[in-house]
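Undergrad: Each chain sits in its own coordinate frame; assemble them with the hints.
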Amino acid sequence: MAINKDSNTYTISFAIVLVIIVGGLLAAIANGLKPIQDENLVNEKKQNILNCLPGNKSITRDEAGSIFNNFVKQRVILNYNGEIKENTLLDNSIELNNKDSRDAFSIDLLKEYKTIKDEKSRNYPLFICDVEGKTYYVAPVMGKGLWAAVWGFIAIDESGNSISGTVFDHKSETPGLGAEISQDFFEDQFIGKLISNEDTYQSVEVNKPGNPLNDYQVDGISGGTFTSVGVEEMMSRTLVVYHKYIKNLNRS
Amino acid sequence: MAETTEVLEEKKIKVKEREPLFSKKNKKLISDPLDENNPITIQVLGICSALAVTVQMKAAVVMSVAVLFVLILANVSISLIRNLIPNRIRIIVQLVVVAALVIVVDQVLKAYLFDVSKELSVFVGLIITNCIIMGRLEAFALGNKPWPSALDAIGNSLGYGMVLVIVSFFKELFGSGKLFGFEIFGNATEQTGLYAMGYMDNGLMLLPPSSLIIVAVYIWVQKIRNPSLIESN
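Residue numbers (the numbering used here), protein chains in the order written: chain F, 1 to 252; chain Y, 1 to 233.
Derived by calculation from the structure, the hints in this document are not laboratory data. None of the values given here were measured: they were computed from a predicted structure. Take the hints with a grain of salt, since some may be wrong.
[Stated by the list, open to error] Derived, one-sided and incomplete: chain Y residues facing chain F with beta-carbon distance under 10 Å:
id, residue
1, Glu36
2, Asn87
3, Ile103
4, Lys110
We put the beta carbon where it would ideally sit given N, CA and C, even for glycine.
For reference, chain Y alone in the conformation it holds in the complex (with noise of 0.2 Å):
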């Protein structure tokens, strides 16, 4: 009997190693920071970058890329080292490995990428003081496998990608009548499109407050949409 016990406990343990890569619980790490969880939404993370790179929709993109790209690595590589790495110290090692992944990022994007880095200048190195990652690595990273950690990578950076676009769309749309750099409202200076009827870009839309506005709005629409969200008093 002791001996059935313990194979069954162990088939159980290895039922668990085998758990399919994408199950329901490893799918919720990606779906759940797109919504109910979202990274800049809900929990308020990251605002800074929402405010500063949604005046154009393409810095955007290429800002979310380049948070997805970081924090994957990062996640991972902090999952991978989670049992070696000394309690009181983590957060520097935290630090250490995002600059590090960071610096590399800007390194490569100048060697082969020169436009795309020319583009997005100083926001590169400013991936080190999203909230995001460091908030990713603390609270998830260092304690769950790689996999999932990737995953979470994933749904957090995708989650945070999604909401700079959304705000870029209206801020490039109402602020200079483009979206990613093509005219849709016709042109300003040559006075053709909507700007011969009298329309004129709202100057607001291209400064960092109108950010703010736009991510409150969303915040309102995504709780009538999901009523879970509303605090209780």
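This is chain F alone, in the form it adopts within the complex (with noise of 0.2 Å):
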């Protein structure tokens, strides 16, 4: 069987034959291993939650997603006046649901971040956890770092005062340098800094290395200016809401 490899039909049969096989196997193994990866998604964000807990640091990512509701308590969205939005008050009685945008769970910051400009109209999704009887408010923040998103979640005090956790992570930090957010030397310098000066809000400081440090000061990462300087501008732009929210809280 003779075929003319150089003429046109051949060539163009050839690449629409090849682009169907090589679509139909990658949309087959994106849809088969879609389940898998939005698990891992689900339980990753449980596993932050939970991690910037006092004493939960060390909670693995497989185990986060069944003991979850045991630290959580409570979900809720919040406004930007630090108010809770009408039905989003959610129970853990209540199952997770990453589709219903009631659920504080489902909220994804990184898209609000992109697309609403206006930083009063996003949603401020808080969660209640309880840590042998102490109450914790954990907050997401999101921000950008030097390449792309930055994010993290904070976890602060029964009187918002202070912040007893963090966990950062990123999406595309250098390694070695701005990635170093997410190592323990560094969240583990925000537990005990205050976000609150006499009922005021003020919030933290991600210095340059090396100075003297007050309560609203921690070390930045030398190299990685960029990155810390996103930390320090998404926790000073949200804070201050849940701030808001648990101050009233106290008040009433």
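TA: In structure tokens, the structure reads:
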């Protein structure tokens, strides 16, 4: 069977067949693996929320899926003024629903950060947790580093005055530099830092390393300046909302 | 007479086909890229990832394994369809195959090795742009059978991985005083070990330009060891 491999017909049909085969294969693989990937993402988020609570740093992703409800008692969405949005205060007896927009867990902060320019109209999800009888408020934060998004979860203590733990992560910061924000030595610096100055909000500063620090300052990462600035910016922009909510709650 | 020569010729062909799996020629396919035909230091391909993913040894090792996997599969699949590929669109066909493989790797990592996939993040996607892969497909797989192609892929990705690991060894050791994340020189923030004596990490080592210096020193050493590599003017 002699086929002229240089003919246009052969070339075009080869291209079509190749694209159909490869496209079909990729679609099948992507579809088949989607449920596992989604579960990984959900469990990772659960793990991050739990890891920033005091004493919970070593919870793994697999464990987090099943023990999430032991710690997280309520999920709620706030508006910019620190008020609870209607119908969004969910008890942990209500199953997590990643598709329900009333569920704080479903809020995609990255999407909101990119599409909703006005920070006053964004959603502010909050996870109210309980560790050994003490209440902690876990607030997600989202901002940008040097290359792409950086985000984190901040645990605030019951009084709303200080930080009890943090978890940071990033999409693609430079390994060894900006990527170090997800390391323990960076995250643990925030424990005990204050966000409240006589009931008014004061944000935590991420400084150049090497200078003496006060209660509102932590060391940044040398060589990871842009990422450090991103961490500082996302915390100062977002935590003010949660601070308002917790202070109002304690007053009433 | 005519018959016997025919038989002889047939035998010759058969003998040729039965070339042992690890004949001298095939072994050379693996050993050559490690030294005198190293893709990075001699052919100067894949330099970009040698600069970008060598800050930590762990990332370098995982990247090398990913490249090994993609290159073997790409080389073998291109070699299998080498007689079908229309000459005019061969580069596009190679690109489609490599891109598809990289997406498969990325998806599988995300599903089953979630932590590794986070570690590598964008670099998995960037395997597509690694010149070594397209270079091997074009130069070797298009003209050779699957088995030699697979060996060629192993050799080249090992040669690539070797340079990556060596560069990242020096970068991580002198840039952050660690190897695979373990503190070798003591703790910099708590001022223990070497740091207590006033030693400081070299910040330049964490940045891409230092890779160029290390790769250059590597080439220098390699050419001292093997003078036949030195080009004469």
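Undergrad: Each hint: holds or not?
TA: Now the hints, each set against the structure:
| no. | hint | verdict |
| --- | --- | --- |
| 1 | Glu36 | 31 Å, violated |
| 2 | Asn87 | 7 Å, holds |
| 3 | Ile103 | 6 Å, holds |
| 4 | Lys110 | 5 Å, holds |
Violated hint: 1 only; the structure is consistent with all others.
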